[in-house]
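Using the sequences and the hints given, assemble the complete structure.
Last residue of the sequence shown: 441 (the numbering used here), numbering continuous.
Incorrect hints may have been included.
[Unchecked claim] Computed spacing ranges between beta-carbons, pair by pair:
1. Asn-207 - Glu-179: 15 to 23 Å
2. Ala-325 - Arg-415: 27 to 35 Å
3. Val-169 - Leu-381: 41 to 49 Å
4. Ala-235 - Arg-182: 14 to 22 Å
5. Pro-165 - Ser-340: 48 to 56 Å
6. Pro-224 - Arg-250: 38 to 46 Å
7. His-198 - Trp-167: 39 to 47 Å
8. Trp-283 - Ala-374: 39 to 47 Å
9. Leu-381 - Val-209: 36 to 44 Å
10. Thr-382 - Arg-182: 42 to 50 Å
11. Trp-197 - Ala-374: 34 to 42 Å
12. Gln-341 - Glu-179: 29 to 37 Å
13. Arg-415 - Gly-243: 15 to 23 Å
These aren't lab readings, by the way, just hints derived from the structure by calculation.
Using N, Cα and C, we set each Cβ at its ideal position, and we do this for glycine too.
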Amino acid sequence: MPVWLVAALTVNLCVELVRRLGLGWDSHAYWLAWHGPMYDAAPNTVDAYLYSPAFAQAFWPLAQLPWPVACAITVAAPAGALAWLLRPLGAFWAIPLWLIGLAETLSGNIFWLLALCALWGLKHPWLWAVPALTKVTPALGPVWFAVRREWRQLGVSVGATALVVAVSYAISPELWSQWLTFLTDNAGGAGHGLGSAFSLPLVVRLPLALALVVAGALTGRRWLLPVAMVVATPVTSIACWVVLAAIPRIQRDRLQRDQPAPLAARVRDRVQGAANRP
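Here you go:
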C-alpha cells in the first residue's frame, strides 16, 4: 500500500533528521529561549525562536527542567495526541499515518496543538488564542465564526486572545517589543521548512485558506477548517500536515451527531412519553 511506503520513507528521513539535529530540534528552540536572548537567532537557523512571548511564558515551566526531561515531554505529548486523533481510523490506517507524522513528533513542534484546536476550537472558541499567538495565520476560527454570524463565539475567541496578550505584555513588555521588531526585521524570511520547496508563497496560499474556511462555514463542512489551517501555515513543512489528523475525530463526531438514536433509547423515550400523557 502507498501509505505504508510513505511511512517507511518518513521513518528513514526522521532517523537522518535526528542524527543531524538531535531529538526535539524544534522544542529545543522553545526551551533555549529562556537560556539566552529570546529573539537573536534569525529565521531558518537552528534554535531560532519565532513565536510570541506569550507562548514562551507558557513554556517557561518546561524551560526550568533539564533539557532531556523537557525533550521527553515535548516528544511524548504529540506522540500520544496523534495516536488518539488517528484512532478512529483503525490500526491499518492509523499506524502508517502515525509514522508519517514522526517529523512532528520527534521535532517537538506544536502542530499537534493546532490539530486539537481544529477539533475543539468551534466548541471552545478561546482555544484560537493558541494558533494566534504562535503561528498566527492558521488562527482561522474567528473567520469561521464571522461567516456563520456566531458573534458570541467570535467575541470569546478574540477576547481570549486579547486577554492573554494583555497579561503577557504586563509581565514582559520588553519581550513584546523585541518580538514585534523581530517580525518586522524578518518579514518574509520565515517561509522555508522541510518540504517547503514544493509550496506556494504565503501571499498566494492565504487567500485560498480563507476561501476554504468560508466554504466550510457556509456548508457546515468542519473538516475544511484543518485543511485551511495547513494551507495558511506560514512555515510549510512535512510536519504541518499533522493538523489534518483532526479530521477523523471531526468526522466521527459528525456521524455520531447525525445518526439516529439507538433503538433501546427510542423505545424508552416513547414509553416515557406515553406514560406522561394525561
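Right, here's what the structure says about each hint:
1. Asn-207 - Glu-179: 15 to 23 Å: Holds, at about 19 Å.
2. Ala-325 - Arg-415: 27 to 35 Å: This hint holds: roughly 33 Å between Cβ atoms.
3. Val-169 - Leu-381: 41 to 49 Å: 33 Å, violated
4. Ala-235 - Arg-182: 14 to 22 Å: 19 Å, holds
5. Pro-165 - Ser-340: 48 to 56 Å: Given about 49 Å between the Cβ atoms, the range holds.
6. Pro-224 - Arg-250: 38 to 46 Å: 29 Å, violated
7. His-198 - Trp-167: 39 to 47 Å: 40 Å, holds
8. Trp-283 - Ala-374: 39 to 47 Å: The hint (39 to 47 Å, Cβ to Cβ) is violated, given that Trp-283 and Ala-374 are roughly 24 Å apart.
9. Leu-381 - Val-209: 36 to 44 Å: 43 Å, holds
10. Thr-382 - Arg-182: 42 to 50 Å: 45 Å, holds
11. Trp-197 - Ala-374: 34 to 42 Å: Since the Cβ atoms of Trp-197 and Ala-374 sit about 39 Å apart, the hinted range of 34 to 42 Å holds.
12. Gln-341 - Glu-179: 29 to 37 Å: The hint (29 to 37 Å, Cβ to Cβ) holds, given that Gln-341 and Glu-179 are roughly 34 Å apart.
13. Arg-415 - Gly-243: 15 to 23 Å: 18 Å, holds
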